[in-house]
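Colleague: Given the structure of chain A, go ahead and fit chain B onto it with the hints provided.
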Amino acid sequence: MFLDLLSLILLVSAALWTVMTRSLLRSAIGLALTSAVLTVIMFKMEANLAAVFELSVCAGLIPVLFVSVVSLTQPYTHQEILERMKSMFARFRLLPVILIGVGLILVLLGPHSQVQLPLPESGENTRFILWHLRQLDLLGQVIILLGGVFGVAVLFKERKKSA
Amino acid sequence: MSALLILVPFFSVLILNLPLKGIRKLAFGGAICLSLLQMAAVFIPDAAFWKINPHAFGSIFSFELSADSLSKVILFCIGLVSFSALFATRQTLKDSAGRFNFINIILIAVAGMNGVALAQDIFSLYIYLEITAISSFILIAFNRDILGLEGAFKYILLSGVATVLMLAGIALFMLIAGSTSFAVIHAVLLNHNKDFLISLGIGLFIVALFIKSGLMPFHGWLPDAYTAAPAAASVLLAGVVTKIAGVYVLIRILVSVISFSPAIKSILLLVGALSAILAAIAALTQSDFKRMLSYSSISQVGYIILGVGSGSVLGIAGAALHIFNHAAFKSLLFLNSAAVECQLGSRDIEEMGGLAKQMPVTSLTSIIGSLSCAGIPPLAGFWSKLVIVIALWMAGFRAYAVIAVLGSILTLTYFLILQRKVFFGKPNAEFKDIKEAGFSLTFPALILAALIIGAGIFTPFILNRFILSFNSIFGG
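First to last, the protein sequences are chains A and B. According to our numbering, numbering within the first sequence proceeds without interruption in unit steps and concludes at 163. According to our numbering, numbering within the second sequence proceeds without interruption in unit steps and concludes at 1476.
One chain only, chain A, in its complex shape (with noise of 0.2 Å):
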């Protein structure tokens, strides 16, 4: 129970930190340490798969990411992200407090479910389920990474001849 606490408020902090931030270095970093919690508490609910798939896929991700932020943006001065830090912790104070409440509400008084839930999948049967079962998915996936190509074709490349 304890571990599963600290799990979710190392979480929580890391996403919140990863969206607050104004810098972009740090932001990455804490997408990457966000994405490190979750893979420790998919392991530890025993979904072992989708823990390696979470790894594996930010580690790609972040790099690109960063690299294209970075392409299309100039840095703020040290004085302009101190004031941005100021107004947005001000704006946000109150959204880990809000969250935390909601939480606390829904486990002390929400209702609670009659359905019982499965138990985890060993993922033994994962090619067969990616390369026969999900087949629809994993075209779409490829879709979706063309059209990724395509959307970097023509928002960054031509971007750069008109610069």
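Any given hint might turn out to be false.
[Said to hold, decoys possible] A few chain B residues that face chain A, going by a derived Cβ cut-off under 10 Å, partial list only:
id, residue
1, I1006
2, L1037
3, I1127
4, I1146
Think of the hints as simulated: they come from the structure by calculation, not from any bench. The structure displayed is predicted, hence computed values, not measured ones. All C-beta atoms, glycine included, are put in the ideal place defined by N, C-alpha and C.
Modeller: Chain B only, in chain A's frame:
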């Protein structure tokens, strides 16, 4: 074989981008042919073509896809609107390399939307929704101007929130049913319909779809995205993308997975009525041509949701008929706005006036589109609105039926204002040398106007051929 509707656009993009001399010149013609073939495919009577057939291509592509009457209406709309958007690219995007990329992204969007229309699995549905969303972001930001980037950013943000809610809903369904198949989840939900986790999953999913549909009060992204997008992208977005990403998926989930409950009906009716009326009032106050049409879209989607909220077969049939009609008249009106913007270089309706003489085709077709949107007989929009009002009345939601009629009166009001300010009234001397827009904008506009008139006259055929067979999607 219905998998071809996903595979053909996908492989077309791959082939068009092969390093072969002259292949890029085929992009426009090829994409137009695909959209025409898609519209023709809807009329294929062979049931085997449309039913679940996991091994149609051997073991390489074994997809579980299926299409009923509702899916076929949507597939036809996708073909029709992509046809119009493709033509619009020829006049609104002058750079040939940019136009080639734009056509590729439209093809990717078509593959995504076809996947949404054909999916029988809630996770596959989500993946194809994401394809549609990603291609929409790129289309909105295509010109890389500040407004386009802002519109795309707002869409990404709110779409991201919708995605999180939707994934959480899918996770709960998966947890409870142990599967993501529509049929399996439906069977499990029937036995546990009062459970807290199920109610939470349903709630999350429906809110996500409200955001994707741009319904009030989740509409913040829509006017900016539609207004800032290039003209061809606006045609695609307003004509079909948000209808599929939000309204179609909502109907599909309600019919095939969740089933209607009194609480769900109440929420749908409330949100639908709010959107139909408030967005129509907002449209009255707009001076930007495209922005007015954007608010009009929200209002019409509200109308569709009112039909769905009646919870009856007739209401769903009216909603589907209005999706089809909306695809036709809103694509037409966005083509008209593109024509006016191309010729005048402005979208401010306060600066315009008397353009009917200089742009007769645009003026005539915009009158047909506006009157159909307002529900004036015998145009197509009248029949779908009539079916929705009758469905609401018969289901006992008489106050909402009156609200729907009131919404139509408001729609007529803002379109009359639009017509008077743009095409009639006092001509602006500054625009005295303006000429009619080119063939690429007037030709699809004429086709859509003819379709609106034809669909109005042949409504009994459409009702019999597609809409009344909706009973079958309820298993009746």
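Colleague: Please flag the earlier hints that this structure goes against, numbers listed from lowest up.
Modeller: 2, 4
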